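K.L.:
Sequence:
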Amino acid sequence: MASNINKATVAYDYIETKIIRGEYPPLSIIDEAQLIAELHTSRTPIREAILRLKEMGFVYVYPNRNTLVSELSLDLVNEMYAARFLNEPEMNVLACHHLDVKWLKLLKRQFLSPEQTLEGAAQRDYYNALDTALHEGLLHACPNRFITKALDIVYRHNRRLRCFVSHTVSVPEHVALLEALLAKDATAIRQATLAHLQGSRELTLQAFARGELSFSKPYQIKA
Numbered sequence: 001m002a003s004n005i006n007k008a009t010v011a012y013d014y015i016e017t018k019i020i021r022g023e024y025p026p027l028s029i030i031d032e033a034q035l036i037a038e039l040h041t042s043r044t045p046i047r048e049a050i051l052r053l054k055e056m057g058f059v060y061v062y063p064n065r066n067t068l069v070s071e072l073s074l075d076l077v078n079e080m081y082a083a084r085f086l087n088e089p090e091m092n093v094l095a096c097h098h099l100d101v102k103w104l105k106l107l108k109r110q111f112l113s114p115e116q117t118l119e120g121a122a123q124r125d126y127y128n129a130l131d132t133a134l135h136e137g138l139l140h141a142c143p144n145r146f147i148t149k150a151l152d153i154v155y156r157h158n159r160r161l162r163c164f165v166s167h168t169v170s171v172p173e174h175v176a177l178l179e180a181l182l183a184k185d186a187t188a189i190r191q192a193t194l195a196h197l198q199g200s201r202e203l204t205l206q207a208f209a210r211g212e213l214s215f216s217k218p219y220q221i222k223a
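Under UniProt numbering, read the sequence shown as residues 1 to 223, first letter to last.
FYI, nobody ran anything at the bench for these hints, they're computed from the structure. Just so we're clear, the structure is a prediction, and the values are computed from it rather than from any experiment. Among the hints, erroneous ones may be present.
Unchecked claim - Here are the simulated EDC-like pairs of lysine to aspartate or glutamate, each with C-alpha atoms no more than 20 Å apart in a straight line:
1. 54 / 90
2. 7 / 32
3. 18 / 31
4. 54 / 32
5. 18 / 71
6. 18 / 38
7. 105 / 179
8. 184 / 125
9. 54 / 16
10. 105 / 185
11. 54 / 23
12. 184 / 173
13. 149 / 13
14. 102 / 32
15. 18 / 32
16. 108 / 136
17. 105 / 136
18. 7 / 55
19. 7 / 48
20. 102 / 71
21. 108 / 173
22. 108 / 185
23. 149 / 16
24. 18 / 55
25. 184 / 100
26. 54 / 75
27. 149 / 23
28. 18 / 125
29. 184 / 152
30. 149 / 38
31. 54 / 119
32. 108 / 179
33. 184 / 79
34. 54 / 100
35. 149 / 185
36. 54 / 185
37. 18 / 185
38. 149 / 136
39. 18 / 48
All chains should be built: construct the whole structure from the sequences, respecting the hints.
P.N.:
Have a look at this one:
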């Protein structure tokens, strides 16, 4: 039994990673036979992984046993940001007391001083990686298990979504949040978090309106 559970976990991580990276684009079919061959496993762990992915909102499973990757819908975007607005300001306030000051200062320097040669997709990926590092760091530093559980799945969907949008994250918004975290100023942290979420939501809705979230492959910026 333990072996089957481990194989199902490996299969889940493998499929989820491909979905988040955009390698399995929205509404593409999950080929179970191909996964069995790639992971050198049986059908049972794959099916267990797919059922868990369904629970997490990453796939649709139909009665004919076809499995499709879920689309990046307007409902998904709105629900993600609703969850973030409700939880993230408080999470960041709680987390600020458990963060490494040197790490926060390093992130601030990295946001303010990227390599001058970065442009196009490379620049976008650079800032996206910093954004992910900051938010994941805050998530793991938060001592409230219920907030972290709620936002963990939201952040996974957010990483997937960002593979398909052309905009680059706002540097001033992140710097303002980092400065508030360094000061351990609860009011400033909440304000900076809300300002960041408002800006991020607006950019994401603009990307949706442009049709970027319906692309069949991750967005690539022309350098």
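K.L.:
Check the hint pairing residue 18 with residue 38 against an upper bound of 20 Å on the C-alpha distance.
P.N.:
Satisfied, since the Cα-Cα distance of roughly 13 Å is no more than 20 Å.
K.L.:
Just to be careful, I want the Cα atoms of residue 18 and residue 32 compared with a cutoff of 20 Å; is the pair within it?
P.N.:
holds (14 Å)
K.L.:
Is it true that the CA of residue 149 sits at most 20 Å from the CA of residue 16?
P.N.:
holds (17 Å)
K.L.:
Is residue 149 close enough to residue 23, meaning Cα to Cα at most 20 Å?
P.N.:
violated (25 Å)
K.L.:
Within a Cα-Cα threshold of 20 Å, do residue 54 and residue 185 meet the stated pairing?
P.N.:
violated (39 Å)
K.L.:
When you check the alpha-carbon spacing of residue 184 and residue 100, does it fall within 20 Å?
P.N.:
holds (12 Å)
K.L.:
Are the Cα positions of residue 149 and residue 38 separated by 20 Å at most?
P.N.:
Measuring from Cα to Cα gives roughly 30 Å; hence the hint is violated.
K.L.:
Does the alpha-carbon distance linking residue 18 and residue 125 stay inside the 20 Å limit?
P.N.:
Given pair residue 18, residue 125 holds - Cα atoms ~17 Å apart, limit 20 Å.
K.L.:
Just to be careful, I want the Cα atoms of residue 105 and residue 136 compared with a cutoff of 20 Å; is the pair within it?
P.N.:
Holds: residue 105 and residue 136 sit about 16 Å apart, inside 20 Å.
K.L.:
Would the hint linking residue 54 and residue 23 be met if the CA-CA limit is 20 Å?
P.N.:
OK: residue 54 and residue 23 at ~18 Å, within 20 Å.
K.L.:
With the threshold set at 20 Å, check whether the alpha-carbon distance from residue 184 to residue 152 stays at or below it.
P.N.:
It is violated: about 23 Å lies between the C-alpha atoms, which goes past 20 Å.
K.L.:
Measure nothing beyond the straight line between the CA atoms of residue 184 and residue 79; if it is 20 Å or shorter, mark the hint as holding.
P.N.:
Not satisfied, since the Cα-Cα distance of roughly 29 Å exceeds 20 Å.
In this structure, the earlier hints numbered 1, 8, 14, 20, 27, 29, 30, 31, 33, 34, 35, 36 and 37 are contradicted, and the remaining ones agree with it.
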